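**Q** Below are the chains, spelled out letter by letter.
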Amino acid sequence: MAEPILAGVAESDLGETPDRNWLDNAAIATVRALEDAGCSLDDVDGVAVAGGDDYMPALVLSEYLDLDEPSFLEGTEIGGSSFEHFCGHVRSAMARDEADVVVVAYGSTRKTGPTDERSLEETHPIDGFVRPTGLFRPPGAYAMAARRHMHEYGTTEEQLAEIAVATREWAAMNPEAAHREPITVDDVLESRKIAEPFNLLDCCLVSDGGGAVVLVSEEKAAELGVPEIAVAGVASTSTHRQDISEMPDMTTTGAAVTGPKAFEQAGITHDDVDVAEIYDSFTYTALVTLEDLGFCEKGEGGEFVSGGTTAPGGDLPMNTQGGGLSYCHPGHFGVFVLIEAARQLRGDYEGDRQVDDAEVAVAHGTGGLLSSSSTVVLRRES
Amino acid sequence: MSAPVEDRREEWEGPVPVPTGATVPFWAGALEGELRYQECDCGHRQLYPRAVCTACGSEDPPFAASDGVGTIYTYTVCHVPGEPGFGDRTPYVVGAIDLAEGPRLLALIDAEPESLEIGARVAVTFWRVSEAAAIPVFVPE
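For the protein sequence lines, the chains are Z and U, in the order given. Residues 549 to 930 in the numbering used here are what the first sequence spells out, letter by letter. Residues 11 to 151 in the numbering used here are what the second sequence spells out, letter by letter.
Next up, chain U with everything else stripped away, as it sits in the complex (with noise of 0.2 Å):
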């Protein structure tokens, strides 16, 4: 998959992930449009990047590309800003999503809170905040 990376670091005033250990190859795909999650050897998949397979306990599990689309768990439409930079988004909507792979993942979903459900179908894009990292974004498909 390769899904668009909008530059965002002009208008961006959020928290910026720095990458470290683990979630390094996370970060680096998410440059280039590609959505990453862990697959160990042993089958486990699992988001967020650790140094070790909650399954079978295997050091540094390989990642693999999602197709970078899943479903909504459930969402919330913020109203306050939980982080400085977000006063001026309010409301936003941040949702769980479960990836068709698997592994769920906080994101901002970039939609208007009315036309979402929980089960709906999103995507991902990415929004480029930093030299070093973009975020997943999800929009309904």
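In isolation and in its complexed conformation, chain Z is listed as follows (with noise of 0.2 Å):
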């Protein structure tokens, strides 16, 4: 089959935008991300959106970029992994000839912007149940998953520190990072409770801010003459939505079942991979995606990331750019992972953040509670 080349990534601003909605953000990036692909909104006829603050994002969006008569349109929404899903539903509208220029753009104003109050009455019903307890979520959520994966195979708070401080080592070299200063251990179990066993610097920031990537046909891509970074495998699934109770197993996420997919039709080994951007909104969601992904064994992901294994000059640079612990984190992340696997795999950066010589990347979204995985590799074709 086909497979879609990713031509241009971009940010909006990142932080706080104030004066802009999440409309604003989205297409600052793909304004952007377009002109990163050296192509133009007149060469777009496809656009996916997820996450913005509207029920019909795919259409809000084109009509606020005046596009004509787009071909192909996406609004799936499944949370922080809607952007590597939407990956794979561009493999099969670019293999029907339906599109040759997509946008995959995301905007949010998640830190400034106005909060949702929406009454018991007006949602699901398992809300009647959930919101009653007072927890709060995600953070609740994901470190309930997190102390059973403690329990039932002895990881520890200090591994799932080492996640957060070597993602902060990365994050020092990245200009755009919301937080650069180093960090230890110690420092982050020291850090504020949040929702045991997370403390506050297991936790990913809230930031405003939007991304887009442009997925192009091969044959726009050589007329662009951009670098050739393709989507050569993805796959994506679910295991539950609203609740955490209704994750049947809080210690395997979805990743199990779309990283191997995704591998096998990409043809690679883990040894293949040279860097992973994996979601990571809080330290155990990367701990858990990176053993159902296949990194390590099941329940020796504390192990794994220990003593700098993700960290730069690791074994498997992860979170290249500061991750959703440290750069930013808009709501859903998943589209950033995509943006920095690009840049690393075209050489973008300079000195110890450019990972050498990468020539494949995974990128892994997870939305809702733990509850949807999405899975791409992306590969420069030489």
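Just to be clear, a hint being listed does not mean it is correct.
Some residues of chain Z that are not near chain U, with every Cβ distance over 10 Å (derived) [claimed, not checked]:
1. SER610
2. GLU617
3. ASP791
4. GLU848
5. ASP900
So the derived label-pair ranges between C-beta atoms look like this [stated by the list, open to error]:
6. GLY129/U x GLU611/Z: 28 to 38 Å
7. GLU124/U x ASP820/Z: 43 to 53 Å
8. ASP863/Z x ASP17/U: 50 to 60 Å
9. MET604/Z x THR64/U: 49 to 59 Å
10. ALA770/Z x GLY129/U: 53 to 63 Å
11. ASP616/Z x PRO94/U: 40 to 50 Å
12. ARG18/U x PRO730/Z: 43 to 53 Å
13. HIS54/U x ASP905/Z: 49 to 59 Å
14. GLY702/Z x ARG131/U: 14 to 24 Å
15. LEU737/Z x GLY129/U: 20 to 30 Å
16. HIS54/U x LYS846/Z: 25 to 35 Å
17. GLU564/Z x GLU124/U: 55 to 65 Å
18. MET11/U x SER640/Z: 21 to 31 Å
19. MET11/U x GLU706/Z: 13 to 23 Å
No wet-lab data here; the hints were simulated from the structure. Note that this is a predicted model, so its numbers are computed, not measured. Just so you know, even glycine gets a beta-carbon here, dropped at the ideal spot from N, CA and C.
Quick one: dock chain against chain with the hints and give me the complex.
**A** Here it is in structure tokens:
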């Protein structure tokens, strides 16, 4: 099957954007990503959007950008993994010649925008069971899963903290990262308690901002003359949605299904992976995903991430822009793992921030409360 | 089973359940101190209450009464309130409880965090938080 080429990537301004709404941020990221790809709004014939504060986001963004009758429209909402999920749909559409230039976009004002204050009359019936517990979601839900992992496999808070420390080392080299000062395992353990076993530094930050990637057909990529970063494998699934209590086994995520599928499609093994961009809404999210993707045995994630494995110079460079833990997290982080994976494969960076001769990257999204998983394998064609 | 139903309406400032559709029998049971789950004729048991059985597709699977005991599958100690009205309660414990009958339920655990561990046995009690609903809360057995 023809593989879409990831031709352009960009963020909007990150951090606090009080004068922008989600759509502004998605649109700014889109035009910047198009510029990065060397094309323009006139070239766009497909739009895929998730996470906007609107129930018809693909239509809203298409209108906002005054697109001329796009032939591919996608608004499937599976949370933070939506953008990886879209990659598969774009591949199918391009195989049918339905689109040549598709924008995958996200924008939010998670930090400064209005909050959702729906009453229980207006929500899913399960909210009547969950919200009266007072559980702070998502942190409390992920924390419950992490505690179960600690119980079953002896994973420790120190091991979870190692992920935050390694991620911060990458962030220190990223001028766009929100938090760049070095931290230690003790700093993580001594940071404010949020939902045990999570402390503040186990949790992602909260940002405004947007991101976009431009996927083009092989023919269009040749025309543009962009580096050929191919979507070589992609798979998605879900295990539950609203309530962490509905997750069948809190120590195993859908990545155990999507990882093997995406790797097989791409024809790669773990040894081929040069860089991993793994959704890190919390330290545990990254740890359990590494296990489920098969980078180590189930239950051995804590040991795997200890000693700088994922840090600069480690065996598996991970979240090389600083991740959701240190760089940005406007709600749906999935678009940002694609952006960074592409930049590493293009060799955009200098010095220690660039993973040497990176040819294969894994970008993994997680959505909901560990609910959805989507894995994308990106490969630089030589 | 019949578990205690404490009237907490005066002090409760958190969200209150609104019985609707398939959940009505659950909340009605809670007001009477009975923890109910759905047990379909096919044998499948489920919570939260739904209009269909997720095993066989039967509509409106009937309710059965739980014995109200179970074990802690996992839990977290919340230091940041996740809902309005919880600010004065921190830290408080939320657990995922595996009922003896099978279904898993998210609920407050009314206990000191230090006394808890995964696998510990708990029993249900109810806090009445509105005219229409009492919420299940678990305590160590």
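**Q** Now tell me if each hint is right for this structure.
**A** Hints, verified against the model:
no., hint, verdict
1, SER610, "holds, 35 Å"
2, GLU617, "holds, 39 Å"
3, ASP791, "violated, 6 Å"
4, GLU848, "holds, 20 Å"
5, ASP900, "holds, 35 Å"
6, GLY129/U x GLU611/Z: 28 to 38 Å, "violated, 54 Å"
7, GLU124/U x ASP820/Z: 43 to 53 Å, "holds, 47 Å"
8, ASP863/Z x ASP17/U: 50 to 60 Å, "holds, 59 Å"
9, MET604/Z x THR64/U: 49 to 59 Å, "violated, 29 Å"
10, ALA770/Z x GLY129/U: 53 to 63 Å, "holds, 60 Å"
11, ASP616/Z x PRO94/U: 40 to 50 Å, "holds, 46 Å"
12, ARG18/U x PRO730/Z: 43 to 53 Å, "holds, 47 Å"
13, HIS54/U x ASP905/Z: 49 to 59 Å, "holds, 53 Å"
14, GLY702/Z x ARG131/U: 14 to 24 Å, "holds, 23 Å"
15, LEU737/Z x GLY129/U: 20 to 30 Å, "holds, 25 Å"
16, HIS54/U x LYS846/Z: 25 to 35 Å, "holds, 28 Å"
17, GLU564/Z x GLU124/U: 55 to 65 Å, "violated, 39 Å"
18, MET11/U x SER640/Z: 21 to 31 Å, "violated, 53 Å"
19, MET11/U x GLU706/Z: 13 to 23 Å, "violated, 43 Å"
Checked against the numbered hints given earlier, this structure breaks hints 3, 6, 9, 17, 18 and 19; the rest are met.
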